[in-house]
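Residue numbers (full-length UniProt numbering), protein chains in the order written: chain A, 1 to 308; chain B, 1 to 513; chain C, 1 to 365.
Calculated directly from the structure, the hints in this document are not laboratory data.
Be careful, since some hints might not be right.
In the BS3-like style, the derived pairs of lysine-lysine whose C-alpha atoms are separated by at most 27 Å in a straight line are [said to hold, decoys possible]:
1) C:K218 x A:K302
2) B:K74 x B:K201
3) B:K314 x B:K331
4) B:K331 x B:K277
5) C:K226 x A:K302
6) B:K314 x C:K218
7) B:K396 x A:K291
8) C:K170 x B:K331
9) A:K161 x B:K122
10) C:K243 x B:K314
11) A:K302 x A:K291
12) C:K218 x B:K378
13) B:K251 x B:K426
14) B:K396 x C:K226
15) B:K162 x B:K251
16) B:K381 x B:K314
17) B:K374 x C:K243
18) B:K314 x B:K277
19) B:K381 x C:K170
20) A:K291 x C:K218
21) B:K381 x B:K396
22) B:K374 x C:K170
23) B:K378 x C:K170
24) B:K331 x C:K226
25) C:K218 x B:K331
26) B:K381 x C:K226
27) A:K291 x B:K331
None of these values were measured; they are calculated from a predicted model.
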Amino acid sequence: MDIDLLSNIFFAMVRTGTPLLLVALGEMVCEKSGVLNLGQEGMMLFGAVTGFIVAFSTGNLWLGVMLAMAAGMLLSMLFAAVALGFNANQVATGLALTIFGVGLSTFVGAAWVGKPLTGFEPVVIPLLSDIPLIGRMLFAQDLLIYLSFVLFALVAWVMLKTRIGLIVQAVGENPDAASAMGLPVLRVRTLAVLFGGAMAGLAGAYLSLAYTPMWAENMTAGRGWIALALVVFASWRVFRVLLGAYLFGLASIIHLVAQGVGLSIPSNLLAMLPYLATIVVLVLLSRDPIKTRLFAPVSLGKPWQPGH
Amino acid sequence: MSSSTPLARLQLRGITKRYPGCVANDQIDLNIQAGEIHALLGENGAGKSTLMKIIYGVTQPDEGEIRWHGETLKMRDPSMARTLGIGMVFQHFSLFETLTVAENIALAMGRQAGTAQQLEPKIREVSKRYGMPLEPERLVHSLSIGERQRVEIVRCLMQDIKLLILDEPTSVLTPQEADELFTTLRRLASEGCSILFISHKLGEVRALCQSATVLRGGKVSGHCIPADCTDLELARLMVGDAQGLETRHAKVSGANLFLQVDQLSWYNPDPFGTSLKDIQLNVRSGEIVGIAGVAGNGQDEILALLSGEQPLPKREALRISFAGQPVAHLKPDARRQLGLAFVPAERLGHGAVPDMSLSDNALLTAFQQGLVSKGLVKRSKVVAFAEEIIRRFAVKTPNAETAAQSLSGGNLQKFILGREIMQNPKLLIAAHPTWGVDVGAATAIHRALIALRDAGAAILVISEDLDELFQICDRIGALSSGKLSTLANTLETNPVEVGRWMAGQFNTDAVLS
Amino acid sequence: MLLSLEPRGQQSRAMLWFSPLLAAALTLLCGSLLFLLLGHDPLLTLHTLLIAPLSDWYGVSELLVKALPILLCALGLAVAYHARIWNIGAEGQLLLGALAGSAVAVHIIDWESRWALVLVISAGVAAGAAWAGLTAWLRTQFNANEILTSIMLNYIALNLLLYCVHGPLKDPEGYNFPESAMFGDFSRLPLLSEEGRVHAGLYFALLALVAVWVLLQKSFLGFQIKVLGLDRRAAGFVGFREKRLVWFALLVSGALAGLAGVGEVAGPIGQLVPQVSPGYGYAAITVAFLGRLNPLGILCASLLMALLYLGGETAQMAMNLPQAITQLFQGMMLFFLLACDVLILYRPRLKWKWTKRTATQDALA
Numbered sequence: 001m002d003i004d005l006l007s008n009i010f011f012a013m014v015r016t017g018t019p020l021l022l023v024a025l026g027e028m029v030c031e032k033s034g035v036l037n038l039g040q041e042g043m044m045l046f047g048a049v050t051g052f053i054v055a056f057s058t059g060n061l062w063l064g065v066m067l068a069m070a071a072g073m074l075l076s077m078l079f080a081a082v083a084l085g086f087n088a089n090q091v092a093t094g095l096a097l098t099i100f101g102v103g104l105s106t107f108v109g110a111a112w113v114g115k116p117l118t119g120f121e122p123v124v125i126p127l128l129s130d131i132p133l134i135g136r137m138l139f140a141q142d143l144l145i146y147l148s149f150v151l152f153a154l155v156a157w158v159m160l161k162t163r164i165g166l167i168v169q170a171v172g173e174n175p176d177a178a179s180a181m182g183l184p185v186l187r188v189r190t191l192a193v194l195f196g197g198a199m200a201g202l203a204g205a206y207l208s209l210a211y212t213p214m215w216a217e218n219m220t221a222g223r224g225w226i227a228l229a230l231v232v233f234a235s236w237r238v239f240r241v242l243l244g245a246y247l248f249g250l251a252s253i254i255h256l257v258a259q260g261v262g263l264s265i266p267s268n269l270l271a272m273l274p275y276l277a278t279i280v281v282l283v284l285l286s287r288d289p290i291k292t293r294l295f296a297p298v299s300l301g302k303p304w305q306p307g308h
Numbered sequence: 001m002s003s004s005t006p007l008a009r010l011q012l013r014g015i016t017k018r019y020p021g022c023v024a025n026d027q028i029d030l031n032i033q034a035g036e037i038h039a040l041l042g043e044n045g046a047g048k049s050t051l052m053k054i055i056y057g058v059t060q061p062d063e064g065e066i067r068w069h070g071e072t073l074k075m076r077d078p079s080m081a082r083t084l085g086i087g088m089v090f091q092h093f094s095l096f097e098t099l100t101v102a103e104n105i106a107l108a109m110g111r112q113a114g115t116a117q118q119l120e121p122k123i124r125e126v127s128k129r130y131g132m133p134l135e136p137e138r139l140v141h142s143l144s145i146g147e148r149q150r151v152e153i154v155r156c157l158m159q160d161i162k163l164l165i166l167d168e169p170t171s172v173l174t175p176q177e178a179d180e181l182f183t184t185l186r187r188l189a190s191e192g193c194s195i196l197f198i199s200h201k202l203g204e205v206r207a208l209c210q211s212a213t214v215l216r217g218g219k220v221s222g223h224c225i226p227a228d229c230t231d232l233e234l235a236r237l238m239v240g241d242a243q244g245l246e247t248r249h250a251k252v253s254g255a256n257l258f259l260q261v262d263q264l265s266w267y268n269p270d271p272f273g274t275s276l277k278d279i280q281l282n283v284r285s286g287e288i289v290g291i292a293g294v295a296g297n298g299q300d301e302i303l304a305l306l307s308g309e310q311p312l313p314k315r316e317a318l319r320i321s322f323a324g325q326p327v328a329h330l331k332p333d334a335r336r337q338l339g340l341a342f343v344p345a346e347r348l349g350h351g352a353v354p355d356m357s358l359s360d361n362a363l364l365t366a367f368q369q370g371l372v373s374k375g376l377v378k379r380s381k382v383v384a385f386a387e388e389i390i391r392r393f394a395v396k397t398p399n400a401e402t403a404a405q406s407l408s409g410g411n412l413q414k415f416i417l418g419r420e421i422m423q424n425p426k427l428l429i430a431a432h433p434t435w436g437v438d439v440g441a442a443t444a445i446h447r448a449l450i451a452l453r454d455a456g457a458a459i460l461v462i463s464e465d466l467d468e469l470f471q472i473c474d475r476i477g478a479l480s481s482g483k484l485s486t487l488a489n490t491l492e493t494n495p496v497e498v499g500r501w502m503a504g505q506f507n508t509d510a511v512l513s
Numbered sequence: 001m002l003l004s005l006e007p008r009g010q011q012s013r014a015m016l017w018f019s020p021l022l023a024a025a026l027t028l029l030c031g032s033l034l035f036l037l038l039g040h041d042p043l044l045t046l047h048t049l050l051i052a053p054l055s056d057w058y059g060v061s062e063l064l065v066k067a068l069p070i071l072l073c074a075l076g077l078a079v080a081y082h083a084r085i086w087n088i089g090a091e092g093q094l095l096l097g098a099l100a101g102s103a104v105a106v107h108i109i110d111w112e113s114r115w116a117l118v119l120v121i122s123a124g125v126a127a128g129a130a131w132a133g134l135t136a137w138l139r140t141q142f143n144a145n146e147i148l149t150s151i152m153l154n155y156i157a158l159n160l161l162l163y164c165v166h167g168p169l170k171d172p173e174g175y176n177f178p179e180s181a182m183f184g185d186f187s188r189l190p191l192l193s194e195e196g197r198v199h200a201g202l203y204f205a206l207l208a209l210v211a212v213w214v215l216l217q218k219s220f221l222g223f224q225i226k227v228l229g230l231d232r233r234a235a236g237f238v239g240f241r242e243k244r245l246v247w248f249a250l251l252v253s254g255a256l257a258g259l260a261g262v263g264e265v266a267g268p269i270g271q272l273v274p275q276v277s278p279g280y281g282y283a284a285i286t287v288a289f290l291g292r293l294n295p296l297g298i299l300c301a302s303l304l305m306a307l308l309y310l311g312g313e314t315a316q317m318a319m320n321l322p323q324a325i326t327q328l329f330q331g332m333m334l335f336f337l338l339a340c341d342v343l344i345l346y347r348p349r350l351k352w353k354w355t356k357r358t359a360t361q362d363a364l365a
């Protein structure tokens, strides 16, 4: 394989992996605090449609991004109110959020399907982007991807090096003890859920404003769900989230590679690959239940109320 | 009144706390002086936990006031309590297993105390000064129970401590470890720190505490100086009518061997669990054998292997046998058919399904008693069976359709034990049968166990409560780090010796012979 | 004024059934507000959505046609959800049922025997069960989370179906449309009456309803499934076979979804098309929860859901509202239901003054 093709593959891998990275980072923080939010798909879609409509109407891409994040947070607030405030089953609430988000985005976006928009363009950094193999991957991307690098570094630093990271981990492991210690468990969890919502909204905006600048029903195509698997794959460790996101990105662009090599496989069959890869990864990672338990936040998905 | 006594460090006046359906604390008064070791005595459910949560700011009282150095204040939350110099060691430790010792302490002390790394030297220093060695960089899940308690205590000592509250601290310690703890506590008190020591064990209260407040049913039933009281006087304060407290059950020696465990070793893949090594154990029909030990020394594992929740491969079937028949490879239902009954340690969530009714919970283990025919549940028979349990074992409940979780601990335990006894077991295995149960229910449960023994069943009791084991068991042994000591006749040993076994001081060669 | 929650201590049975009604009412209220915002007369819109479709017998028969697949899927999900096995894969299992049934049917178009229908239906049921069986296998053998695997299998099933209608199963005489050939008459479910499209699938649905009711309410197997769902450790302690129960629940779930799928292609559609299901498998999730996992409750909820589907179509034609209104209402209803369920365990209290900070107030903070 020649070096140009590889360089292109790496470039496309990061592009495809970025939405997964963004959602998975948000969900990882959320799960670290002990909350399982299955509503990623819904929040992403609502973020995508909001971002698109705003950017299309105002011509301001960044305003679109901001409001997409706000939209994701809005939906996650609903989730927090029902799952944390009212103590509802987190699995069911997450499913409801996804069903609601899919419906809402389709409903709101019905009039915007297929409209053209000029999205984020690549910003090529001179010199650095000429580095062989990895130059284009890291230094010839659009601004949202650079933003994802920054956000990744930020999340990694906060989770691994700061007191906030300790608090989130403590709340997710043993909320009773955390509460007895005086940590505001529900507030920490709510903030983690909101952060997850903002990241999902951002990921949605990346899809509708940069990756394929347009709006189509269900355009996330299960990325919210794949991100959930990704967090399991990463065993809740931030660097593995990055690795996993790009690996999944690679799995989704295999068809490009296949075409590059001259294979012809029906597109519908190729489209199954990321989903198959997700299942394979889940199988490989979950085989050993004890290992999974070792890394998973202990109280993940368990409702908790103060004073019990 | 307060003017005549020196200004107390902590005063509680008329503290009242109501929960739906019960008054947990009713007009409680309490005084603690500087440097005093004060006991808070009471049975399970007497309101001790609620009271200390109020002192520590975890919950707020509905009525009454708290005075700290004479000054009335409202304890908003635990961080306020800590700022005042109040520290607390919980019964179920409030530690985070995935964090290190230093991180746990840093988290509890607040941002201003510094990061985990900055705290490490001070942790070493404090732990050394009070004779509680600790390695700050170790992950908590790799620590023993005793070490975890040290972390909790050191965490309190890191700041300027004025009042240390300990909730049943010795329940997880061997008698020897408890003595070491007392040394530390006396030293702290001599430095001026007040200590509130919560317990229901009379002996240790008398050994350690200068004064005591006794709670019963949410009310103060008396103040006293423990050293001047007999066990019986203290017990009367705790439970009122002290009937049943002094009961000694006759010891017997049993008939034929029923349960035989032969060189049972089991590797536990769970890094948080314990592996079992060469367990040698037998129980005769008509006797009660007790296994003592501090939690986490292999009790859960041995229970899972005996009950069949963790069956062994078929080639190891001989490791466990019932009346000579190998069963180690069988699942729980198959073992039940051979006469096993089992009362697990956790009542809710293991022995009974919390959200299901009592009748459904009766069906849970008694389905082989003709309650199911052709795959369909015979509802009327199930209800009749459940009502029979409720009647015979005096379970207090509105009816058999009440959810298991709405029963008190003691009542639910009577129901679970009754459910097992009604199936006429040849072998009953009971874990912590009276844990968290009020005295009345505990007495009833002990009587039921003795009656079952006298009816000819083999009984194995695993408990952390040495007093209980000495009361009801005919033979006794102890678990330590997955190994079992030899069994001795209860009459020929004493708590001190069993305490040594609990700490692992027994000759393993003797076990094998 | 503050709303505070007090724990009841025990489930309120009245609220158990009142909560879905309250959720439905709140959904209608929110929907009306939405219509008002969009500049439609809320009453008129609700009429178009919920009442107009049922104004004649044809409407009622269409309601039944739409309710059948939803009911079948939701009954299956109820079995799985009782065991706390979160099968989100009814959609994929339905598609696979339709796909397998069609694959058989297009090969026996010329058969003139009752066995043709039996064969087609069996293929659909078996394929649905097998697709769910994959989830069961991944879960019992590899401990893989069933939520994620079943949803991934949905996407795979959809792509498999698309591949088949564009490829191997495409009607060679179909002018290159992505559709299979029309099934032979003997592979079709017979209509029950001259009017409308209600077909013999109704009998299957009623049979399934009774069977699931007996399973969940009367049988010991159902009891074991419930114990497994409520308390996995208790199930292990008495020796209920967890893996077998997981397999059983998922196979039943998949078989019923497969039946729903093959019932669509052998019933009202008559051939395999890409849009076999407008999200029936997902709607069934809402229906299962709304019906409290109780077969009779599910029956009512599936009729309501079918009405929403029907109304969505009417509203699109009559008022040019996006059809996604169906999904939007679905999501809202499920959300409101989960929120209202707080009333089962807690009693709401209105306080006029902020008095004391209590644990239950913290619950709302």
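Okay, the hints, checked on the actual structure:
For the hint pairing K218 of chain C with K302 of chain A, the CA-to-CA distance comes to about 30 Å; that exceeds 27 Å, so the pair is violated. Between K74 of chain B and K201 of chain B the alpha-carbon distance is near 31 Å, which puts this suggested pair outside the 27 Å criterion. Taking the CA atoms of K314 of chain B and K331 of chain B, the gap is about 11 Å. The hint holds against a cut of 27 Å. With a C-alpha separation of about 22 Å, the suggested pairing of K331 of chain B with K277 of chain B holds against the 27 Å cut-off.
Simply put, K226 of chain C and K302 of chain A have alpha-carbon atoms about 19 Å apart, close enough for the 27 Å limit, and the pair holds. For a cut-off of 27 Å, the pair hint linking K314 of chain B to K218 of chain C is broken: about 35 Å separates their Cα positions. In summary, the hint linking K396 of chain B to K291 of chain A is not supported, as the alpha carbons are separated by about 43 Å, beyond the 27 Å threshold. For the given pair, K170 of chain C sits about 52 Å from K331 of chain B by alpha-carbon distance, which is inconsistent with the 27 Å threshold.
Of the pairs offered as hints, the one joining K161 of chain A and K122 of chain B holds, with about 21 Å between alpha carbons and a cut-off of 27 Å not exceeded. Note on K243 of chain C and K314 of chain B: the hinted pairing holds, with a Cα-Cα distance of about 19 Å set against a maximum of 27 Å. A hinted pair counts as satisfied when its Cα atoms are at most 27 Å apart, and K302 of chain A with K291 of chain A qualifies at roughly 20 Å. With a C-alpha separation of about 8 Å, the suggested pairing of K218 of chain C with K378 of chain B holds against the 27 Å cut-off.
Pair hint K251 of chain B plus K426 of chain B holds up; C-alpha atoms about 19 Å apart against a cutoff of 27 Å. At roughly 26 Å between alpha-carbon atoms, K396 of chain B and K226 of chain C fall within 27 Å of each other, so this suggested pair holds. A hinted pair counts as satisfied when its Cα atoms are at most 27 Å apart, and K162 of chain B with K251 of chain B does not qualify at roughly 48 Å. Restraint check for K381 of chain B and K314 of chain B: the C-alpha separation of about 36 Å exceeds 27 Å, so the hint is violated.
The straight-line distance between the Cα atoms of K374 of chain B and K243 of chain C is roughly 22 Å, inside the 27 Å bound, and the hint therefore holds. Restraint check for K314 of chain B and K277 of chain B: the C-alpha separation of about 19 Å stays at or below 27 Å, so the hint holds. Proposed proximity of K381 of chain B and K170 of chain C is contradicted: the alpha carbons are some 59 Å apart, above 27 Å. Under the criterion of a C-alpha separation no larger than 27 Å, the hint pairing K291 of chain A with K218 of chain C is inconsistent with the structure, at around 39 Å.
A threshold of 27 Å between alpha carbons decides the hint, and for K381 of chain B with K396 of chain B the separation of about 21 Å falls inside it, so the pair holds. Proposed proximity of K374 of chain B and K170 of chain C is contradicted: the alpha carbons are some 48 Å apart, above 27 Å. With a CA separation close to 53 Å, the supplied pair K378 of chain B and K170 of chain C exceeds the 27 Å bound. In summary, the hint linking K331 of chain B to K226 of chain C is supported, as the alpha carbons are separated by about 20 Å, within the 27 Å threshold.
Proximity of K218 of chain C to K331 of chain B is assessed by CA-CA distance (about 25 Å); at most 27 Å being required, the pair is judged to hold. Between K381 of chain B and K226 of chain C the CA atoms are separated by roughly 20 Å; this keeps the pair inside 27 Å, and the hint holds. Distance restraint check for K291 of chain A and K331 of chain B: the Cα-Cα separation of roughly 25 Å lies within the 27 Å cut-off, and the hinted pair is therefore satisfied.
The structure fails to meet hints 1, 2, 6, 7, 8, 15, 16, 19, 20, 22 and 23 from the earlier list, while all remaining hints are met.
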